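Letter by letter, the chains look like this.
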Amino acid sequence: MIGAQPYLADGVDLGDIVLAVSKATIAFVVLLVSVMLMVWFERKVVSRLQNRIGPNVAGPFGIFQTLADGIKLFFKEDLIPERSDPLIFKLAPYLSLVPAFLTFTIVPIAGDFNADNNGSVTIFGRETFLQVADAPVGVLLFLAMSSVGVYGIMLAGWASGSKYPLIGSVRATAQAISYEAALGLSLVSVIILSGSLSTNAIVDVQAGAGAGFLPNWHLITSAFVPFIVFVIAGTAELNRPPFDLVEAEQELVGGFHTEYSSIRFALFFLAEFMNTVTMSAIIVTLFLGGPAGPNLGLLPGWAWGFVWFFAKLLVFLFMFVWFRATLPRLRYDQLMNLGWKVLIPVSLGWLLLLSGLRLASENSAGVTELRFIDSDSFNTVVFAGLAVSIFLVATLLLSTALRDSKKNRLKEHGLVMVDGSEPINTGAS
Amino acid sequence: MIDVVVFGVSAIIVLGGALGVVLSKNPVRAALSLVASFLAVAVLFVIQQAHFLALVQVVVYGGAIVVLFLFVIMLLGVDKVEDLDLPERSQVVAGIVSGLAFFGLICAGLFVSGPGGDEGNVALTGQIGRNPIDSTDDINQLAADIFTRNLVPFMATALLLTIATIGAVVMVKNSEADSSLPEAEVN
Amino acid sequence: MEQYLPIFALLVLAVLFAAISFIASRLLSPSLSTVEKSAPYECGIIPNQEPSERFPVKFYLVAMLFVIFDIEIIFLYPWAVEYMNLGAAGYFAILLFSALVFESFIYLISKGALDWGPLQLNRNQSAIAGKPNAFSTATAGVRIVGTEGRFEHAKEVA
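Chains as they are written, first to last, in the working numbering: chain A, 1 to 429; chain B, 1001 to 1187; chain C, 2001 to 2158.
Hint data in this document are derived by calculation from the structure and do not stem from the laboratory.
Keep in mind that a hint or two might mislead.
Unchecked claim - When the alpha-carbon atoms are kept at most 25 angstroms apart in a straight line, the in silico SDA-like pairs for lysine to any residue are as follows:
| hint | chain 1 | residue 1 | chain 2 | residue 2 |
| --- | --- | --- | --- | --- |
| 1 | A | K90 | A | I71 |
| 2 | A | K341 | A | L386 |
| 3 | B | K1173 | A | R403 |
| 4 | A | K163 | A | A58 |
| 5 | A | K72 | C | F2055 |
| 6 | A | K341 | A | F269 |
| 7 | A | K44 | A | A58 |
| 8 | A | K90 | B | A1036 |
| 9 | A | K163 | C | F2055 |
| 10 | A | K44 | A | F269 |
| 11 | A | K411 | B | A1036 |
| 12 | A | K76 | C | V2057 |
| 13 | B | K1025 | B | A1036 |
| 14 | B | K1025 | C | S2031 |
| 15 | A | K411 | C | S2038 |
| 16 | A | K163 | A | R48 |
| 17 | A | K72 | C | S2031 |
All values reported here derive from a predicted model rather than from experimental measurement.
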């Protein structure tokens, strides 16, 4: 089932355009304000965690500090390095900023999902969801935008014509593509559970109570593993600590934006924090039911949706800040090992396990034209045996491959692996 | 009406991007033109209501493949204008000839199939009597198609990927062996 | 296609926002560029070494691996939407496909495509219980640089 905004289903008239533009404008303002608050929130929380006070001069609690910094950047000199490729150097901030804006369009930020409501409200006589757009590819738009967003960083580093940005951007690209695979695979688990790509439908599936007093969130119904993979991969995708090798100050000065100054730097900074807010919002949508939550009265149903959404969002925004304050940066080999050798096999295995289990327990699957396996024989017991044997074979293969690669590397250094991984020297001596 | 405008604009971007790929002196700019071209092709797919295909176009071609190209460009260090050798005359001739041949092939295909009606271009797709893809469930139709009728080509894709992997590793191992030699001499 | 109208509106807003910011910045900011300012950043010193023009070939293998997994993931989405209707047949198809992709993954790992950074060695503590020597420092888990002559020297000392 593909997502669709009900009001755009048949043709466009002037009212539709007004509604679309006003939604886009609201999202635009909300994003900018949320970035402003997020930067302040991060600085304030990190300060408190480090026993400092943090910004406290501009406005109450220093809340306008980001605004002041932003305005200051307008007055700073805009340098274009002599060895840069000027066209691409100027283009890169756009390539970073535009995808950051567009990803937010798929996030439902409010709406009533209780009982038979599907989160739609009626504005100007048009039935619509409280999200900018429910694109026909739904949640996959997020994946498309994150793969386009890579170019902003990669080209910024390349176009600077300077070594630190170049190294930073190549690192960033390799990191982004490594973790994008894990991100995509853990997303498949959510689609298996919801049976839909539409973010509105994904939220709707999660509404109401699940087993006992627990909510029906994908966090619980997918048994935490895809969620954990998604959060780790999402943090890496954002280049946030502990995955911020891209701008590791000790090694790379500022990373890909070392040569950027003035408003161009501000736009990269804006995109970075916008991505943090959007990633938190997408985690909430996919795994924590987004705006779905009980209606406690006093406010209209759709407003409660916003309250729940915002409360859940804050948890993840705090989590990202907490990560930054607590976790030390990974080494490059640790980063690559975690992404490829842990997250990808785990998320791939988990989604096959999840779908197989559901298929086996349902066992009432529909009819397809090419059915070479009898549906009745595919029950839970058979599947459990299959899963265990596949797991054993895969583990064996993976460990053999890891051992093999280590042996080859030792050989390059003139060492041989003997039992217990103890190297002995057979080198030049 | 709006379809025509969107088609016109994205077709111009597709062609402009393609020209940019060929005419850019700088390989990175050429790759960027390629991205523009791919993204505009995705828009063309959207006009055809093939939303999932548009996504694949952006994620696989716009995302993965061009990143691979850019890595290769940076890997070889050919991203400086002066490093780019002009192609041989024979290469230019071969390029023009194969381009014209491909263009002729497409024209022939279109000519044979005639103007596409609601059934789509039968001769080009080889599918007869299929419903035009409905905007509400192109991904479901695709799934039903891949995992039933076209199961064998689907599996062949996996084999193709394996072959590509082996090819990449062999190439890398060779280039590593080549590049390690002069370094050893310097040391 | 109408479904993309709000996204397009936001796209236009984002581009306009960036463009207006650039124009405002150009009007407000000084332009006093000097040779020093526009030189590549090198912590204030004059760069005496050209940056390397080539990159480790491993980045290429990572990109290759990403293409493979990206294609696998792209096939997984239609299946995930329809998997209940495709039933056991669809499930085994995707299982076989995943196995084939996993096999390329295993091949790449065993060929060392994902080996980054220094060797990780578990040293036998009893063997190096004495004084550190050239061999123990060379295999201590740090990158081995300039090893030529060291092992010979160690042998002479011994």
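Results of checking the hints against the structure:
{"no.": "1", "hint": "A:K90 <-> A:I71", "result": "holds, 20 angstroms"}
{"no.": "2", "hint": "A:K341 <-> A:L386", "result": "holds, 23 angstroms"}
{"no.": "3", "hint": "B:K1173 <-> A:R403", "result": "holds, 19 angstroms"}
{"no.": "4", "hint": "A:K163 <-> A:A58", "result": "violated, 37 angstroms"}
{"no.": "5", "hint": "A:K72 <-> C:F2055", "result": "violated, 37 angstroms"}
{"no.": "6", "hint": "A:K341 <-> A:F269", "result": "violated, 31 angstroms"}
{"no.": "7", "hint": "A:K44 <-> A:A58", "result": "holds, 13 angstroms"}
{"no.": "8", "hint": "A:K90 <-> B:A1036", "result": "holds, 16 angstroms"}
{"no.": "9", "hint": "A:K163 <-> C:F2055", "result": "holds, 12 angstroms"}
{"no.": "10", "hint": "A:K44 <-> A:F269", "result": "holds, 17 angstroms"}
{"no.": "11", "hint": "A:K411 <-> B:A1036", "result": "violated, 45 angstroms"}
{"no.": "12", "hint": "A:K76 <-> C:V2057", "result": "violated, 39 angstroms"}
{"no.": "13", "hint": "B:K1025 <-> B:A1036", "result": "holds, 17 angstroms"}
{"no.": "14", "hint": "B:K1025 <-> C:S2031", "result": "violated, 30 angstroms"}
{"no.": "15", "hint": "A:K411 <-> C:S2038", "result": "violated, 46 angstroms"}
{"no.": "16", "hint": "A:K163 <-> A:R48", "result": "violated, 35 angstroms"}
{"no.": "17", "hint": "A:K72 <-> C:S2031", "result": "holds, 15 angstroms"}
The structure fails to meet hints 4, 5, 6, 11, 12, 14, 15 and 16 from the earlier list, while all remaining hints are met.
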